[in-house]
Amino acid sequence: MEVTKVSGNRVYELDSKPIFDVLAHYFGKNILDDLPQSVIEFPLIKTADGVDIARAPVAKLEDSLVYAGNFELGDKVRFGVVDSNFAMIEDDKRELIKPEVIWIYSCFGRKVMLGSSLEREFEIFSPIAPTSGFFTYGEFYKMQDEPQMFNLTTTIFALSEQVDVVTIPLPEVKSDYKADVITNLTHFTNSVVSELEQIVRSLDVYKLALDSNSIVSKTDPKGIITYVNELFEKVSGYSKEELIGSPHNIIRHPETPSSVFKEMWETIKSKKIWKGILKNKTKTGDDYYVDTTVIPILDDNREIVEFIATRNDLTKIIKQQQQIERHEIDALTGLPSRAKFFDNIAQMSSPIVALLNIDDFRKINHFYGFEVGNALLVEFAQN
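Numbering (the numbering used here), first residue to last: 1 to 383.
In short, the hints are calculated from the structure, not lab data.
Where is the CB? At the ideal position from N, CA and C, for every residue including glycine.
Fair warning: there could be bad hints in the mix.
Said to hold, decoys possible - Simulated restraints on C-beta separations: (1) S337 with E230: 50 to 56 Å; (2) E230 with L32: 36 to 42 Å; (3) T293 with T333: 35 to 41 Å; (4) E230 with T189: 33 to 39 Å; (5) T189 with L32: 20 to 26 Å; (6) I352 with I250: 53 to 59 Å; (7) Q382 with R362: 20 to 26 Å; (8) N190 with E306: 42 to 48 Å.
Could you put together the complete structure from these sequences and hints?
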């Protein structure tokens with residue numbers, strides 16, 4: 001997701017949606033009753049300097065969720081799933097200098113998440129030396145000369161006046177969580193997310209290729225525009241703000257027969273793909289031609305959700321073709337022109353040619369006038 005509204009560590013929106021709506025969508029509406037504790041196991045993960053950092057929520061405000069650490073506008077984030085096994089001490093022994101005192105400070109998020117398990121974790125240090133400490137909302141670490149705030153961490157600081165290194169065994173501490181279930185769920189979630197991210201990356205490449213070469217739009221089932229790409233704006237002359245929310249006939253050319261659109265709607269409403277060449281008009285009234293494909297998008301119940309239309313701009317090709325045709329057709333009679341005649345002759349291997357001549361046609365023009373002469377030519381051509 002993308003952070004689209006934020007102020008320091010207060011996150012208002014993800015993907016232009018209120019953060020509470022996003023949480024309710026992914027975790028259920030009941031989760032909103034006990035924020036932030038209810039989502040402490042689902043931190044937002046951002047990547048900074050190549051390192052994934054989990055930001056745990058610490059407070060709920062009326063319009064935002066406060067996290068233990070800042071976000072920037074445009075940050076790419078995703079939800080994490082905390083496996084309590086990884087939040088506990090993993091080693092069964094540590095080599096260290098025998099301390100006189102141990103000072104422990106731990107993130108409040110671990111206290112909420114681990115509960116009494118965290119107390120037992122702290123207790124294993126009591127036989128080693130007197131301990132004290134407090135809970136924090138995170139810790140600052142320096143990473144590539146930049147300070148970063150870490151959450152869900154515990155720092156153990158030992159002071160000693162001795163020099164002898166001793167091995168201190170640390171007894172195993174079990175979490176109150178169903179560790180196997182959480183571990184399996186985490187692995188499953190990470191695997192699925194990894195696969196989905198790969199699919200999304202592929203789709204992004206396809207979308208980039210499509211947007212670079214095609215005019216793309218989406219409409220709801222009633223034909224109201226919900227999305228246009230930049231090429232659509234460029235070719236039509238309309239801005240995105242003018243197009244979105246408008247019916248698609250905003251670009252319809254009056255010369256395009258109604259039967260064409262009737263056939264198109266009958267096709268796509270029957271959940272089939274429609275293809276054809278359409279003549280549209282720009283905002284300034286200019287003509288443009290597009291080779292169009294309209295695809296109905298269906299939901300799981302095979303009901304139409306929206307339509308996606310892709311178009312290739314054929315304006316230059318069709319106008320060049322029209323210009324060529326104008327040169328090949330005599331404007332007066334509608335018959336092929338002299339240029340077309342010689343072109344046809346050149347393509348024949350053994351042409352047979354017959355010439356018809358109106359004798360003294362010049363006298364007809366001089367005596368009766370050019371209008372009569374032209375009328376004679378038209379009638380002669382029709383017969």
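Cβ-Cβ distance between E230 and T189: within 33 to 39 Å? Once the Cβ atoms are compared, 35 Å apart, the range 33 to 39 Å for T189 and E230 holds.
Verify the CB-CB distance for Q382 and R362 against the hinted window 20 to 26 Å. holds, 22 Å
Cβ distance range 36 to 42 Å for E230 and L32, holds or violated: About 37 Å separates the Cβ atoms of E230 and L32, which means 36 to 42 Å holds.
Verdict for N190, E306 (Cβ pair) under range 42 to 48 Å: At roughly 31 Å between Cβ atoms, E306 and N190 fall outside 42 to 48 Å, so the hint is violated.
Confirm or reject the claim that T189 and L32 have a C-beta distance inside 20 to 26 Å. holds, 21 Å
I352 and I250, beta-carbon distance inside 53 to 59 Å? The hinted range 53 to 59 Å holds for I352 and I250, with Cβ atoms some 54 Å apart.
Regarding T293 and T333, is the given constraint of 35 to 41 Å on their beta-carbon distance met? This hint holds: roughly 39 Å between Cβ atoms.
Do S337 and E230 keep their Cβ atoms within the hinted range of 50 to 56 Å? violated, 42 Å
In the structure shown, a violation is registered for the earlier hints numbered 1 and 8, in ascending order.
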